[in-house]
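Quick mapping for you: the protein sequence lines, in order, are chains A and B. Per this note's numbering, residue 1 is the first one in the first sequence, and the count goes up by one each step. Per this note's numbering, residue 1 is the first one in the second sequence, and the count goes up by one each step.
Treat the hints as calculated values from the structure; they're not laboratory data. It is possible that some hints are incorrect.
A pair holds if it fits inside one copy or across any two, identical chains being indistinguishable in the list.
Unchecked claim - Derived lysine-lysine pairs resembling DSS-like cross-links, with alpha carbons at most 25 Å apart:
1. Lys153 <-> Lys33
2. Lys153 <-> Lys85
3. Lys202 <-> Lys85
4. Lys61 <-> Lys153
5. Lys51 <-> Lys61
Number of protein chains: 2
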Amino acid sequence: MILPKTAEPKPTPKGQASNAEVYRAAARLMVQKGYGGTSISDIAQVVGMTKAGLYHHIAGKQDLLFQILQHAHDEMERLVIEPAKQVGDPERRLIEITRRHVRGILDGGLEFTLLYRERHHLDDAQQETIALRTRAYLALVGATLQELAMEGKLRDLDIQIGTIHLLKTISGIADWYPMFSEIDEDHLVEQTVNFGLSAILKR
Amino acid sequence: MILPKTAEPKPTPKGQASNAEVYRAAARLMVQKGYGGTSISDIAQVVGMTKAGLYHHIAGKQDLLFQILQHAHDEMERLVIEPAKQVGDPERRLIEITRRHVRGILDGGLEFTLLYRERHHLDDAQQETIALRTRAYLALVGATLQELAMEGKLRDLDIQIGTIHLLKTISGIADWYPMFSEIDEDHLVEQTVNFGLSAILKR
Chain A
1 MILPKTAEPK
11 PTPKGQASNA
21 EVYRAAARLM
31 VQKGYGGTSI
41 SDIAQVVGMT
51 KAGLYHHIAG
61 KQDLLFQILQ
71 HAHDEMERLV
81 IEPAKQVGDP
91 ERRLIEITRR
101 HVRGILDGGL
111 EFTLLYRERH
121 HLDDAQQETI
131 ALRTRAYLAL
141 VGATLQELAM
151 EGKLRDLDIQ
161 IGTIHLLKTI
171 SGIADWYPMF
181 SEIDEDHLVE
191 QTVNFGLSAI
201 LKR
Chain B
1 MILPKTAEPK
11 PTPKGQASNA
21 EVYRAAARLM
31 VQKGYGGTSI
41 SDIAQVVGMT
51 KAGLYHHIAG
61 KQDLLFQILQ
71 HAHDEMERLV
81 IEPAKQVGDP
91 ERRLIEITRR
101 HVRGILDGGL
111 EFTLLYRERH
121 HLDDAQQETI
131 ALRTRAYLAL
141 VGATLQELAM
151 EGKLRDLDIQ
161 IGTIHLLKTI
171 SGIADWYPMF
181 SEIDEDHLVE
191 QTVNFGLSAI
201 LKR
């Protein structure tokens with residue numbers, strides 16, 4: 001059964017879960033058991049739908065993975081990219097990107113960040129769609145570093161490597177924070193801003 | 001069949017692969033297909049052994065994963081930790097740790113770095129063994145940052161968070177470098193030293 005890519009799992013009337021909650025629960029399961037080790041039955045159970053009900057909204061496991069990753073990028077755009085683009089000053093913009101990205105991971109983006117690694121299970125066209133969105137984010141951060149270079153604020157830094165190192169420092173939080181959850185979230189956000197900005201800016 | 005944990009797959013006489021090469025090939029396969037998606041038959045085929053031959057050296061897939069991660073930590077000790085411990089000055093030591101860790105990933109540690117994520121498939125005692133070795137490495141880096149703080153060289157930085165961010169920046173290379181392999185390795189090593197040290201040290 002092939003459905004349009006815009007099809008989304010609906011919340012169960014009983015559970016009244018939002019689509020975002022359905023995606024998050026499915027993502028969490030796929031992270032725990034691995035994409036290969038997760039069945040559609042497992043997913044249906046954890047999101048509180050029948051298998052038939054779930055198939056009414058998705059074409060299959062691969063389609064669900066694609067929808068989840070699209071949703072994660074939609075959230076990144078809404079919570080990180082669009083607000084950051086409103087900030088004219090590149091230094092303030094870089095702080096805003098870092099702060100909002102870390103906050104997004106802590107506020108429920110953790111599973112999506114970890115699931116991103118399973119994107120190789122998508123078909124070529126789906127992988128290309130996700131890769132384009134990832135490159136757009138890298139380009140925003142890279143352009144911000146370029147502006148900082150023109151303002152004479154950048155360290156002697158390879159912009160491409162600096163961009164990726166900053167984003168890996170941020171996304172790495174999804175790996176380790178669950179084991180160090182005693183660390184205060186606000187403190188982690190500000191420490192990550194300090195770490196990343198010190199690595200990048202002359203200061 | 002339960003064998004002592006010290007049992008190691010031997011190279012096939014024909015292939016003359018070293019144990020390290022056998023571990024690396026098995027690790028690469030487990031990373032590609034996921035631990036759950038990899039069978040002992042798959043592993044035997046890729047390391048050039050019969051399934052029975054492989055079972056002669058390992059108790060099973062979980063035991064092999066444990067042996068591979070132990071081997072990866074042995075390599076970390078040999079290539080990063082022991083040489084770094086010889087360096088008295090903490091700033092030089094931190095540079096040495098960073099440089100040697102990145103070099104270790106690029107020189108064949110990439111699969112081991114990525115496979116580390118599958119450690120939750122180990123039994124509790126095995127997980128604890130690996131966790132202890134990881135904590136020992138974190139403690140070495142943390143103690144180095146502590147020495148730098150006492151020398152007045154550390155930024156206003158949470159040592160625990162700074163330590164983890166540095167190590168995630170380094171290990172993150174295993175995720176992205178295969179997609180950016182046009183970047184010169186020596187350049188990547190030095191840029192990573194600069195990025196990490198600038199994030200941590202007043203300079």
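Exercise. First find the shortest C-alpha distance between Lys153 and Lys85 inside one copy, then the shortest across copies, and answer within, between, both or neither for a cut-off of 25 Å.
Key: within (19 Å within a copy, 35 Å between copies)
Quiz item: Given identical chains, is Lys51 near Lys61, meaning Cα to Cα at most 25 Å, within a copy, between copies, both, or neither?
Solution: Answer is within; shortest intra-copy Cα gap is 11 Å, inter-copy 31 Å.
Exercise. Since the copies are identical, ignore which copy is meant and state whether Lys153 and Lys33 lie within 25 Å (CA to CA) inside a copy, between copies, both or neither.
Key: For Lys153 and Lys33, neither the intra-copy (45 Å) nor the inter-copy (44 Å) Cα distance is at most 25 Å.
Quiz item: Which holds for Lys202 with Lys85 at a C-alpha limit of 25 Å: within a copy, between copies, both or neither?
Solution: within (23 Å within a copy, 30 Å between copies)
Self-check item: Same-copy or cross-copy closeness of Lys61 to Lys153 [CA-CA at most 25 Å]
Solution: neither (46 Å within a copy, 51 Å between copies)
Checked against the numbered hints given earlier, this structure breaks hints 1, 4; the rest are met.
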